[in-house]
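Trainee: Sequence:
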Amino acid sequence: MTAGITSTCSRGRLPVRYCLNVDVRARLKLSPAQSRLFLWAGVLASTAAFARMVRSDWLLAQSFNVGVAGDISVYQGALQNWRDGGALYEWENGAGFGFTYPPFAAIVMTPVTWLDPERLGDIWTVLDLLFAGVLVALIFRASQLAWGRVGTLAAYLAAVAMFLGSSQFQSEIINGQVNVVLALLIVLDLGASVPERWRGVLTGVAAAIKLTPLVAIAWLVLTRQWRSAALASFSFIGLGALAWLVYPDVSKEFWTRAVLDTGRVGRPDLPANASVFGVLSRAGLEGLPRTVLWLTLGTALVLAAFYRAEQARRRGDHISAAILVMCAAVLASPISWPHHQIWLPLAGIALILHRGWRVKLSGAVVLVFCVLHIPLSRAFDQAGPFTGALDSIDFMMFAMICVLGLGSRDIDRDGPATREDGIRTGGVRRRDPHRLQLEGP
1 MTAGITSTCS
11 RGRLPVRYCL
21 NVDVRARLKL
31 SPAQSRLFLW
41 AGVLASTAAF
51 ARMVRSDWLL
61 AQSFNVGVAG
71 DISVYQGALQ
81 NWRDGGALYE
91 WENGAGFGFT
101 YPPFAAIVMT
111 PVTWLDPERL
121 GDIWTVLDLL
131 FAGVLVALIF
141 RASQLAWGRV
151 GTLAAYLAAV
161 AMFLGSSQFQ
171 SEIINGQVNV
181 VLALLIVLDL
191 GASVPERWRG
201 VLTGVAAAIK
211 LTPLVAIAWL
221 VLTRQWRSAA
231 LASFSFIGLG
241 ALAWLVYPDV
251 SKEFWTRAVL
261 DTGRVGRPDL
271 PANASVFGVL
281 SRAGLEGLPR
291 TVLWLTLGTA
301 LVLAAFYRAE
311 QARRRGDHIS
321 AAILVMCAAV
331 LASPISWPHH
341 QIWLPLAGIA
351 LILHRGWRVK
361 LSGAVVLVFC
371 VLHIPLSRAF
381 DQAGPFTGAL
391 DSIDFMMFAM
401 ICVLGLGSRD
411 IDRDGPATRE
421 DGIRTGGVRR
431 RDPHRLQLEG
441 P
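Numbering (full-length UniProt numbering), first residue to last: 1 to 441.
Since the hints were derived computationally from the structure, they do not count as laboratory data. Since the structure is predicted, the reported quantities are computational estimates derived from the model, not experimental observations. Hints may be right or wrong, so weigh each one.
Derived DEER-like restraints, expressed as beta-carbon distance ranges [what the hints assert, rightly or not]:
#1 144 to 51: 25 to 33 Å
#2 83 to 256: 21 to 29 Å
#3 48 to 287: 47 to 55 Å
#4 241 to 364: 19 to 27 Å
#5 65 to 364: 55 to 63 Å
#6 197 to 287: 43 to 51 Å
#7 357 to 37: 18 to 26 Å
#8 248 to 96: 38 to 46 Å
Just so it is clear, CB atoms sit at the ideal spot from N, CA and C, and this is done for glycine as well.
With the hints as constraints, model all of the structure from the sequences given.
Mentor: Take a look at the structure:
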């Protein structure tokens with residue numbers, strides 16, 4: 001019977017979620033009892049890895065004293081100075097860092113001034129860890145895995161552990177940054193977790209907090225998703241207008257001066273900057289030649305990512321579309337520090353969940369590199385000047401993802417074909433796989 005089902009699966013005659021379970025068991029020659037034992041062993045191993053990474057990240061945040069020394073302390077100091085009557089965008093800490101986000105972000109972040117730095121750092125770390133788990137869960141939910149509940153749980157815990165262990169997320173943790181929150185807003189919105197009639201609103205909110213998600217609004221416009229583009233634009237402009245109405249002087253200061261002062265976010269030629277602008281800066285280019293090449297190469301990579309994202313969206317793979325668009329944002333931005341690059345391990349997870357062993361292998365390579373980046377950097381830094389080369393690999397991976405996309409995923413839906421099904425299948429209405437009968441070889 002198993003041979004018959006496996007043969008039928010190879011011809012695409014059964015629902016994917018059924019075929020994979022049977023095929024994997026048949027290929028490994030496992031009995032049902034052995035299969036259950038194998039899966040639960042995977043759950044235990046994944047749980048151990050997950051718990052270890054949660055503990056490791058917590059201790060990492062504590063060792064860096066994120067509430068006192070991280071970027072969250074910059075937000076708190078600038079906002080407290082503002083509450084006390086000082087200028088929001090003129091305050092700097094001892095290292096010369098100040099508040100760089102739009103005025104609406106200052107309104108949203110005001111509660112950080114209500115807590116002492118240590119408690120704020122602890123709460124921020126817990127929220128980062130929770131939001132990271134939700135992000136990975138959204139990717140898994142969209143993948144519609146056919147591994148059963150136990151197998152999916154094991155894979156999910158392993159994926160979260162890898163994400164928490166990535167250098168990008170650990171940079172987020174030790175700096176007390178906001179990128180995981182913004183990523184969650186984007187994935188919820190563009191990843192089709194919100195009702196279609198509201199799609200675009202959360203993207204506009206994210207852009208009102210930090211300008212990088214404006215790239216996503218550009219994608220909505222270029223791909224003629226007019227309703228979503230309008231909602232995102234109205235949301236962004238409306239929240240900016242609200243901030244201007246409440247705090248006109250601060251808004252004028254940001255939009256006429258502070259937003260143009262790129263020097264406030266650090267030197268672009270540092271190795272950790274994975275953007276096109278950073279690569280050109282490290283190559284020694286300056287002035288007009290650097291600007292022209294940045295705009296040319298950046299635009300080419302962004303358009304390539306937009307094209308791949310639109311392909312994914314038409315297949316119904318909205319999560320991959322969101323990740324691709326934000327990978328383009330990382331390359332297009334003048335400054336993309338490691339905590340801005342959390343889209344790289346998310347792309348690795350998405351690749352592993354796509355069909356085809358080559359695609360899965362490429363995702364595994366991306367994830368393993370993200371996890372080993374810091375240990376390798378330390379080893380190479382002790383052995384010689386190779387750390388910059390490792391940071392350049394980040395850029396190359398982002399560029400390859402934008403150009404090649406995130407593979408293809410056939411989504412096994414029940415019921416009648418939709419418009420997107422028609423686009424993906426050349427307009428042919430698909431048959432319902434559940435009505436097909438089991439056949440022999």
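Trainee: Does each hint hold? Answer for all of them.
Mentor: Evaluation of the provided hints:
no.	hint	result
1	144 to 51: 25 to 33 Å	27 Å, holds
2	83 to 256: 21 to 29 Å	23 Å, holds
3	48 to 287: 47 to 55 Å	53 Å, holds
4	241 to 364: 19 to 27 Å	46 Å, violated
5	65 to 364: 55 to 63 Å	34 Å, violated
6	197 to 287: 43 to 51 Å	47 Å, holds
7	357 to 37: 18 to 26 Å	25 Å, holds
8	248 to 96: 38 to 46 Å	27 Å, violated
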